[in-house]
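Numbering (the numbering used here), first residue to last: 545 to 1078.
Be aware that one or more of the hints could be misleading.
What the hints assert, rightly or not - With a Cα cut of at most 20 Å, we get these calculated EDC-like pairs of lysine to aspartate or glutamate: (1) Lys-902 <-> Asp-928; (2) Lys-902 <-> Asp-891; (3) Lys-549 <-> Asp-567; (4) Lys-893 <-> Glu-918; (5) Lys-1057 <-> Asp-762; (6) Lys-1057 <-> Glu-1034; (7) Lys-902 <-> Glu-826; (8) Lys-893 <-> Asp-850; (9) Lys-1057 <-> Asp-1070; (10) Lys-1057 <-> Glu-1006; (11) Lys-549 <-> Glu-572; (12) Lys-893 <-> Asp-848; (13) Lys-549 <-> Asp-762; (14) Lys-1057 <-> Asp-1043; (15) Lys-893 <-> Glu-832; (16) Lys-1057 <-> Asp-671; (17) Lys-902 <-> Glu-1006; (18) Lys-902 <-> Asp-957; (19) Lys-549 <-> Glu-606; (20) Lys-549 <-> Asp-767; (21) Lys-902 <-> Glu-940; (22) Lys-902 <-> Glu-918; (23) Lys-893 <-> Glu-930; (24) Lys-549 <-> Glu-610; (25) Lys-1057 <-> Asp-801; (26) Lys-1057 <-> Glu-722.
Keep in mind the hints are simulated off the structure, nothing from the lab.
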Amino acid sequence: MIRLKDVGFWYHGQADPVLTGVDLTVGEGELVLVAGRTGAGKSTLLGLLNGLVPHFTGGHLEGTVEVGGLTTGTRPPREFAHLVGMVGQDPLAGFVTDTVEEELAYGMEQLGLRPQVMRRRVEETLDLLGIADLRRRALRTLSGGQQQRVAIGSVLTVHPQVLVLDEPTSALDPTAAEEVLATLARLVEDLGTTVVMAEHRMERVIPFADRMLYVRGDGGVADGAPPDVLRDMPIAPPIVALGRLAGWDPLPMSVRDARRRARPLREALASRPRRADPVPGETLLRGEGVVVRYGPAVAVRGVDLDLRAGGVLALMGRNGSGKSSLLWALQGSGPRQGGTVDVAGADPKRLPDGEARKRVGLVPQSAGDLLYLEHVADECRAADLESGVPAGSCRELLDRIAPGIDPAAHPRDLSEGQRLALVLAVQLTASPRVMLLDEPTRGLDYDAKTALAAAIGGLTAEGRAVVVATHDVEFVAAVADRVAVMAEGEIVSDGPAADVLGGSPAFAPQTAKILGPGWLTVADVDAALPEAVR
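Generate coordinates for the entire structure from the input sequences, incorporating the hints supplied.
Listed below in structure tokens is the structure:
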């Protein structure tokens, strides 16, 4: 179905190739996982499959890319619309209509399908993705995860032979991600659809994958079965890291396989101390009875929440549960129709913008929305000026979080991790005591998440309070000492991370599923293992 012959690709103005000497063959009905560090070239590889690279992006392509017997280099992307369906990282950027139902039908309209066929496929897709209740909703009113599912659905209705997805589960809660992946696996099994998927959260996809491609970053691509490729990869999901620590060979690819082999490890850890519960500091922010409405819809229902110095609170819950609305209400910029928020004796909503930023900072889901200047250096200078701090303060913070970013680079040309680091530095320039992060790990690889975790650890060491709203249970297990779960605008569970995560089938990290609820990360296990076992 897909064939790449000696493919190389350069972007204009770059001396080194993004891809070089790539030879691949993907058969019909295969599910292929594409992995690699942020900026390694995964999105470029995916873009080759329908001609967006180089027809839209520009650049120089060598070699041949064939999909379904057609060469992408000599045909415009529109000639592959019936053959290759693509879902990008930012679903909102790809929408062309106003409502969910219209978006699902749009692609079929362009291909001239009969109305009866269109109607049937729309209904099938709504049920398949569990979004039937959203059919008449405006796309701009959906949560990020809901938009992600609509974007996938708008491609599925066309029934492409090849489905290409870039970070398809990055904005989905664990349950929704499993549903989407199960749907994709069903398309592969029942319809013979070829699925090529780039995903940083490999732990979600590996059990479904037939093949794995690792984009190394030097232009080459490693190809093979997941256990073979993961054996030598420098980045790995928790289940593989645990297998390496325990010396398991072959490496397990599913929680079920790992549990079968983990009994000696569980016995070795049985008497070892586990992660201690957090010691609360002083209260930096207190919200009482917070209510947020959008017209008749209630997004947040009378939430009470306190944030303490030196603590990291993870805010979790299914898509549309009200997490982002609560963060914006606490920060003061978003709507709040009821309740109070107190930060150091004042409500951020009633303070001037500059004063509010010194109390509560917020990094939104799309961090780049806060970047509006031509160069990284310009953004840093503007942050210094707006916060009234000495020149160079923002740049110093940026170098602590992510050193080596070119000050002359355009913010839109940075990787996801670099862009997040820049926005985080801009917000921290005002020295807020409370920092709110909304889905900060979208598009980040494991190394970038480790760097972000270190940055969050630095903030808590300075006595700040941090809130991370995310669906990334592995990241929560690594950084959070407290977890609050939201449902239908209310907090339904709030407690120590080990209790909330370990006792939940939906939110438990892989290590907890394998070794028990007290063990959240591979690092916890590594630190607790007796020397004799090592």
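Of the numbered hints stated earlier in the document, which are not met by this structure? 4, 5, 6, 10, 16, 18, 22
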